[in-house]
Each structure stands twice: as structure tokens, then as C-alpha cells.
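Enquirer: Each chain, written out:
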Amino acid sequence: MDKDNGKNEEQPQEEQSGASSLVQKIQQLGQTNIPQSPDSNVHVLSVIGQVEGHIQLPPQNKTTKYEHLLPQLIAIEQNPKIEGLILLLNTVGGDVEAGLALSEMIASLSKPTVSIVLGGGHSIGVPIAVAADYSFIAPTATMTIHPIRLTGLVIGVPQTFEYLDKMQDRVIQFVVSHSNIKEEKFKDLMFAKGNLTRDIGTNVVGTDAVEYGLIDGVGGVKEALQKVNELINTTKTDQEVIQ
Amino acid sequence: MILYTPLSASEIFPVEEEKFQHRHCVSYQGKMIYVEDNQDGTYQVLQLLSSDPQDFLNDGFSPGTILK
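Just so you know, the protein sequences line up as chains A and B, in that order. Numbering follows my numbering, in which position 77 of the first sequence is assigned residue number 77; successive positions increment by one, without gaps. Numbering follows my numbering, in which position 18 of the second sequence is assigned residue number 261; successive positions increment by one, without gaps.
The set of hints was computed from the structure by calculation and includes no laboratory data. None of the values given here were measured: they were computed from a predicted structure. By construction, the Cβ of each residue, glycine as well, lies at the ideal position given by its N, Cα and C atoms. Incorrect hints may have been included.
As the list claims (entries may be wrong) - No farther apart than 30 Å at their CA atoms in a straight line, the calculated lysine-lysine pairs in the DSSO-like style are these:
| id | chain 1 | residue 1 | chain 2 | residue 2 |
| --- | --- | --- | --- | --- |
| 1 | A | 62 | B | 274 |
| 2 | B | 274 | A | 65 |
| 3 | B | 262 | A | 65 |
Stated by the list, open to error - Restraint ranges, calculated between C-beta atoms of paired labels, are given here:
| id | chain 1 | residue 1 | chain 2 | residue 2 | range |
| --- | --- | --- | --- | --- | --- |
| 4 | B | 252 | A | 165 | 24 to 34 Å |
| 5 | A | 182 | B | 279 | 45 to 55 Å |
| 6 | B | 309 | A | 158 | 39 to 49 Å |
| 7 | B | 271 | A | 61 | 15 to 25 Å |
| 8 | B | 296 | A | 203 | 29 to 39 Å |
| 9 | A | 226 | B | 284 | 20 to 30 Å |
| 10 | B | 272 | A | 151 | 33 to 43 Å |
| 11 | A | 158 | B | 272 | 30 to 40 Å |
| 12 | A | 59 | B | 296 | 23 to 33 Å |
| 13 | B | 259 | A | 182 | 44 to 54 Å |
| 14 | A | 226 | B | 268 | 30 to 40 Å |
| 15 | B | 244 | A | 55 | 20 to 30 Å |
Stated by the list, open to error - Sample of chain B residues at the chain A side, in silico, Cβ under 10 Å:
| id | residue |
| --- | --- |
| 16 | 251 |
| 17 | 257 |
| 18 | 268 |
| 19 | 270 |
| 20 | 272 |
| 21 | 275 |
| 22 | 296 |
| 23 | 299 |
Next comes chain B alone, as it looks inside the complex (with noise of 0.2 Å):
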């Protein structure tokens, strides 16, 4: 299916309310991550909000890695 429209995909196809709050911004270790909360007590690291390039380097910080 095509649509042909001016407007924005999320226009048409509202986003839950639900998938905002499963995101969070937190300090963990002194540093700022963006977290998506897994509903099991754990927490997945979207994205390191640093700009040191050494902390890219930190496997703790690696997207994908789950905290518990």
C-alpha cells in the first residue's frame, strides 16, 4: 500500500502512548544513557549521550547491552 500524502507517517499511524514511556534517559556510572525498559526488571542501553570518544570505547556502554 501507497499513500500519498503531506503528511508524517505518525500522523496517519498515531504511536502508542505506551512506547514513550518504556524509554527512559538515565545516569548510570556518572554517565548519561538512553535505556528502553524491558519489562523484566532489566534495561537495554539505546544510546550513550556522551561526547568523550572514549567512552565509546567502554563495552558497558555498547548498545544492545542489557543492564540489570
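Okay, chain A solo, but in the shape it has when bound (with noise of 0.2 Å):
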């Protein structure tokens, strides 16, 4: 505590400036400062909370709007300095649509990219995160499947569950093709009775999303960062010998 008290009053005026947006912080949302480093060329996406669509969500929830991150995707795809994607996961699910439009972004980005599933990558968390080329999921981490749904006021019932079927056999179609996962295997989780407490579904945990080859690796940060420069050289030697 002494030396702390000693190095404020050499630098009083920064110290002073520091210290008081350190507690404005505390006292705001109970952040402390996060340390610094040299420039990346790897970014990151993190998809968290609730994937939001077409209805605004109340303020309440945590939110990823997706509007917010098909734009930013664009930039990455554009940027030359930008040579890898890192996507972060931990999302309960959310707007159908939406979740398969930033997954079909995803997948059809040029430049790398590395997902990682930590805490719960849930309902249409599952195509976002096999979206990528290649994905990793934390061992304690889930993935919740079930069939889609809808609530609310529903009007013309044998219309709805057609359109309700095709949309769910678009997101196991997308789950199939960009992960290793057989469609049988899938849909049997898919159905699966008495594993959840209001649906049907499955509650995948991290190993067994490995061994069903819903995802690619049980990993973290460490791995993903390995994966992603990994491959950003793979692309890099396959440009040169094409050039």
C-alpha cells in the first residue's frame, strides 16, 4: 500500500485522472482495466446472449444484434490487415433468421476463421459456431439442441408448421454441411425425449459435441489462437503457389 501511496505522489496529475475514472468504473459496472498490447491481425467476434433479429429485445437482456455484426464482418472480409477471425460463443439462442444469416456470413468469409464455444452455444449457436473453418468448444461448455419454435399468436396452423419445417430443415442442412455431424445423428438429438425439462432436444457437453463431430476440438483461447495462425499460413502458401 505504501509503494502505491509513494508512486501517486510522484505522479500526481495523471494519478489523480486515473484513479478517479478507475472508481467512475468500479462504481459503473464493477470493471478495472484491462492491460495493453501490440496490434493483432486476428479480430474478434463474440456472439453473446441472445442472437437478436427482427424484434427488438427488451433493454434487460444481453443482446448480439445482428445488424450490428453483418457489417463488421463485411469490414474484416475487406480489410488487408485483417488476416484471421476468432468468434466467440455464448449464447442462449435467439431470432432464427438472424443466426442463419451471420452463420452463411460466416461460412462464406475467405479469411480464416476459429470459433470457440464457451459456456453455452445454444439452439441457433450451433450453426453459428460450425459456421466456422474450424471450431472448438471449452470442455464445460453445451450446446442445446432442439427442434425450432415459435411463440405467440399463431394464425393459419398447417401453413405455419410447413414454414416452421422448412426452416428447421435449412438450419440441420447447414449443420451437416459445414460440420461432420451425420444427418441422422442430428436429428436423433434433435428429437431426443427426456433430456430436456420443457422440449425435446439434446443438451450436448463439450466432449460429446467433439465425439458426435459437431465440432471440430475441446480447446480454449490457446488452441483457437494456434488453429487460426495455423491456418492463416496454410492460406498464405496456397496464395503464394498460385502466384
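Quick one: dock chain against chain with the hints and give me the complex.
Expert: Put into C-alpha cells, the structure is as follows:
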């Protein structure tokens, strides 16, 4: 403590403003400073909370708005300084169309992409996670696979059913074509009974997701960074060969 | 009180329109940020909308910062 006080006296002005902003931050959101580091060529997109689509959710919800992420993905594709992308996923799911839009955008990026599922990548988080070139899941993370559903008033039940069925097929097709899971297995997990309290489906834990072929590997930040750098190097050498 | 219902919480307890109006997505120093209007001429940063991890190391954009 004494040492810190000594430092404060040496640089009174700077320390004071630093201290007051620190106090402000602690008061506001309980967050302190984060360490500085040099520039990186890998950008990070976080998909946190609910994936917000056509309907604006109440302010108390933590949401990822797809209209914010889509332009960022375009910018990442365009910017030559950015060589790779890491996707951080901790989502409960959300709007199916918004999730599919994000997934398609990520899958169609030319730059190497690696996703990490931390905590949870539920529901529509599954296609977003598999959309990356390589996907990781933390050993404790889970992914809930369940059929898509609708809340609110339904008009025209047979037509709505048809529509939902087609939408579900789109999700299944996307996941099957972007991961190593077999369609049969994915459908089995999706329609399994007795696993979830109020729904049919399965809650797949980290290692199981890898076993089923849904996710490519168990890992975290270290593995993801290694993988993205490896992918960047391979794309660089490929380009050199073409040239 | 426990409500056993398939309805979402917002359908039972509607959110006032006013709460939405205090939140804005603005461009500040070239970065898009999501802010809340404090109604006293200041804005509080809620979220930084950037894909550059270095932007998150910038103190000015960290959540909770009050902008004047």
C-alpha cells in the first residue's frame, strides 16, 4: 500500500485522473482496467446473450444484434490487415433467421475463421459455431440442440407448420454440411425425449459434441489462436503457390 | 411468485417504450458504441461494437465510462 501511495505522489495529475476514472468504472459496472498489448491481425467477434433479429428485445436482455455484426463481417473481409477471425460464442440462441444470416456470412468469409464455444452455444448458436472453418468447445460448455419453435399467436396452423418445418430443414442442412455430424445423428439428438425439462432435444456437453462430430475439437483461447495462425499460414502459402 | 406459462416474460410484463428510447447506437471517435442516455447530458457506454480486440483495450470505450 505504502509503495502505491509513493507512486501517486510522484505523478499526481495523471494518477489522479486515472484513479478517478477507475473509481468511476468500479462504481458503474464493477470493471477495472485491462492490460495493453501490441496490434493483432486476428479480429474477434463475440456472439453473446440472445441473438436479436427482427424483434427488438427489452433493454434488460443482453443481446447480439445481427445488424451490428453483418457490417463488421464485411469490414473484416475487406480489410487486408485482418488475416483471421475468432468467434466467441456464449449464446442462448434467439432469432433463427438472424442466426442463419450470421452463419452464412461467417461460412462465406474467405479469411480463416475459428470459433470457440464458451459456456453455452445453444439452439441457433449451433449453426453459428459450425460455420467457422474450425470449431472449438470448452470442456464445460454445452450446446442445446432442439427443434425450432415459435412463441405468440399463430394464424394458419398448417401453413405455419410447413414454414417451420422448412426452416428447421435449413438449419439441419446447414449444420450437416458445415460439420462432421451425420444428418441422422443430428436429428436423433434434436428429437430426443427425456433430456430437457420443457422441450425435446439434447444438451450436448463439450467432449460429446466433439465425439458426435458437431465440433472439431475441445479447447479454449490457446488452441483457437494456434489454429487460426496455422490456417493463416496455410492460406498464405497457398496464395504464394498460385502466384 | 412463480408464473408457469409458455409466454415470454416481456409478454406478461410489457417494457415501457421509454426504456428503448434511452439507448442509442452512436459513432464515437470513429467506433460504433452502444450507449445509454443518462438524461443529464452525459452518455454511458454499454457496449463497444468492434471486432478489433485492440479497441477493447482502449479505456475510453470500456463499459461504464461516462461520455460528456
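Enquirer: Against which earlier hints does the structure fall short, listed by number upward?
Expert: Result: hints 6, 9, 11, 19 and 20 break, sorted rising.
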